[in-house]
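Order-wise, the sequence lines are chains A and B.
Sequential numbering from 1 applies to the first sequence in full-length UniProt numbering.
Sequential numbering from 1 applies to the second sequence in full-length UniProt numbering.
Among the clues, some could well be false.
Said to hold, decoys possible - Computed list of chain B residues with no C-beta within reach of chain A, every gap over 10 Å:
1) A60
2) Y80
3) Q81
4) G156
5) N159
Unchecked claim - Far from chain B, some chain A residues (derived; all Cβ distances over 10 Å):
6) L60
7) L211
8) E242
To be verified - Sample of chain A residues at the chain B side, in silico, Cβ under 8 Å:
9) F98
10) H106
11) A107
12) L123
13) S184
14) A192
15) A193
16) L252
17) A266
Calculated directly from the structure, the hints in this document are not laboratory data.
Even glycine gets a Cβ: it sits at the ideal position worked out from N, Cα and C.
Listed here are the chains, written in short residue letters.
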Amino acid sequence: MFAGKIDKSRYGYLFIAPFFLVFFIFDLGPILYSFYLSFTDWSGFDTPSFVGLANYERLLQDTLFFKSIYNTLVIWILSIIPQLTIALTLALILHEKFIRGKHLFHAIFYFPNMVTPVTMGVLFALIFDWQNGSANKIIMALGIVDDPVNWFNSPFLAQLIVASILMWQWFGFNMLVFLAGLQSIPEDLYEAAEIDGANKFQTAIKITLPLLRPVLIFTMITSVIGGMQIFDQPLMIGKGPENSTLTMVMHLYEAAFVRYEYGYGAAIAYGIFVLIAVATAFSMWMTKIREKKEGVS
Amino acid sequence: MRNNSISAMASRSEEQHDSEIRRNQRKSFLAKIIIWILLILAAGICLLPFYSMMITATHANADITRKLLLTPGSHLIDNYQRLVDVVPIWRGFLNSLIITVSATAIGLYFSALSGYGFSKFNFKWNGPLFAFVLATMMIPGQLGIIGFFKLMNMFGLINTYWPLIVPAANNAFGLFFLKQVADSAVPKELLESGRIDGCNELQIFHRIALPLMTPAIATLGIFLFIGKWNEFLQPMIILFDNSLQPLPVMIASVRNQFSVDYGAQYVGIAISVVPIIIVFALASKKIIGNVMAGALKQ
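Next comes chain A alone, as it looks inside the complex (with noise of 0.2 Å):
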């Protein structure tokens, strides 16, 4: 019976065979595949020269990849500053007792997260049209501007412009994740702090954010890898006025399948793994320094 018992867990290794024998054909042998092309010159018809750190010495020396890095960085902190106050505020006043129909607005706040990227992309870029977009015309109306702004011609607006797409996808999505966090705070804490006559805006500083901790880092950690890999909108928007809204990921994309230097594109695709590995490492160990602080004081 306990030799049968032993005998048995060995069949776990059936269960997760498929998913590994998948994983190491579509995932990791592609990603060797890559590490190996990055260090060859191919245009995708012959077959892949060995050149040696050639490419990555070109992606040193590439200003565009820099530039694409710079520009990544902008639209994602113009994107998430805006977009995880929002979130903030709309999970605070959600979670409040007084507000009816809660559900329907988190229907309404959390639908653009499921729309197509592609689709966002599109409809901003004619939104923001400057002669036919509906945004020129809005403000033409209420009298803010009395010529249609040409949003594609300035490179800030057109980094805004793509950070608003992913503000406008991704807040509801963390007011979803912060209301979650709210919802798991004990009340008796809440009680216990009007005992002792704390306001509102008291019991939010002292009370809620603090608690909310763990939950601002997932959602911060999530998004500077979600941020760092944005594609399909910016694709849509083009590169901008400048190459202003040209993400790294673009950059990939344009190296490897529309000027086919395979080669190189394999180096980006690296680069742009240690980036996110540096950024995402950077992330983690500046919330653990801010813990420590606070463990002190």
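Keeping the supplied structure of chain A fixed, place chain B upon it in accordance with the hints.
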């Protein structure tokens, strides 16, 4: 006399107290009204682009260029006709459906199979392998994309749906999610009784575990479906024939082919949003509940 003055004082303080409460109530009532207005305004702004999209799709290009459109027009059919004459958008819809349904089915079955495997079998490498699966979640999707393209080309799978469907069997998030479900929803005693009845391990999984995991599998299915439905870069790279492309790639080509025909572009993106509205209308409670539950698990 003395009694009277005391009661007078008491009643006065009571009055004061009452009016204070009333003032506070009025103040918080006002605050509530303002918060309500802000909330409704935010909801309006959130939906405004979709409203604008639906409205603009029904107008002629001349009107789209000239004025701000707030009410439905009568040119929806014209715009639609020009769109479908050039881009086979319903074919793209069908392609999306084929790819998404098969990939979701495969993803669900193998996530359940491997999640159950990790949950119920205490094999030697269980811990390290599971940690490895979690670590693969951190790998960005584009890392291997060029090697993926080249390998699929070598296997002769380019311009077919296989590279878009089969990799769905390897979904780290799905495995993680369904392992937790198997941990809590599938009691070991039931599996033992199945073994005593002479079922083999795969039969036990199919007849006992899978039915118990079905509600969670349905939930995961919604998320896998939406994720696959929205996928863009992979099909664009793997498929060459325009008629094989799924909806997002068709939408992108609508953008390129109708550069000045705004009415047709609006109809195109509206067509891609409508099914999402339908799915969301049917399953919004489940979707929202699970986004929130998922956030706490992390």
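Hints and how they fare:
No beta-carbon of chain A is positioned within 10 Å of the beta-carbon of A60(B); the least distance is around 12 Å. At the 10 Å boundary, the C-beta of Y80(B) stays outside the reach of chain A, the nearest C-beta of that chain being 16 Å off. Once the 10 Å rule is applied to beta carbons, Q81(B) is consistent with being away from chain A; the minimum gap is 19 Å. The beta carbon of G156(B) is kept farther than 10 Å from every beta carbon of chain A, the shortest such distance being approximately 14 Å.
For N159(B), the condition that its CB be more than 10 Å from all CB atoms of chain A holds, with the nearest at approximately 15 Å. With a cut of 10 Å on Cβ distances, L60(A) stays outside the contact zone with chain B, its closest approach being about 19 Å. No Cβ of chain B comes within 10 Å of the Cβ of L211(A); the nearest lies about 13 Å off, and the non-interface call holds. Listed as outside the interface, E242(A) is consistent with that label: its C-beta sits roughly 21 Å from the nearest C-beta of chain B, beyond the 10 Å cut-off.
Taken as an interface hint, F98(A) checks out: its beta carbon lies about 6 Å from the nearest beta carbon of chain B, inside 8 Å. Restraint check, H106(A) versus chain B: the minimum CB separation of about 5 Å is within 8 Å; hint holds. Because the beta carbon of A107(A) sits about 5 Å from the nearest beta carbon in chain B, less than 8 Å, this interface hint is met. A distance limit of 8 Å between C-beta atoms decides the matter here; for L123(A) the minimum to chain B is near 5 Å, and the interface restraint holds.
Because the closest C-beta pair between S184(A) and chain B is about 6 Å apart, less than 8 Å, the hint holds. Checking A192(A) against chain B: minimum C-beta separation of about 21 Å lies over 8 Å; hint violated. Given hint, A193(A) at the interface with chain B, is violated; its Cβ is 17 Å from that chain's nearest Cβ, farther than 8 Å. A cut of 8 Å between beta carbons decides the hint on L252(A): the least distance to chain B is about 6 Å, and the hint holds.
Because the beta carbon of A266(A) sits about 5 Å from the nearest beta carbon in chain B, less than 8 Å, this interface hint is met.
Checked against the numbered hints given earlier, this structure breaks hints 14 and 15; the rest are met.
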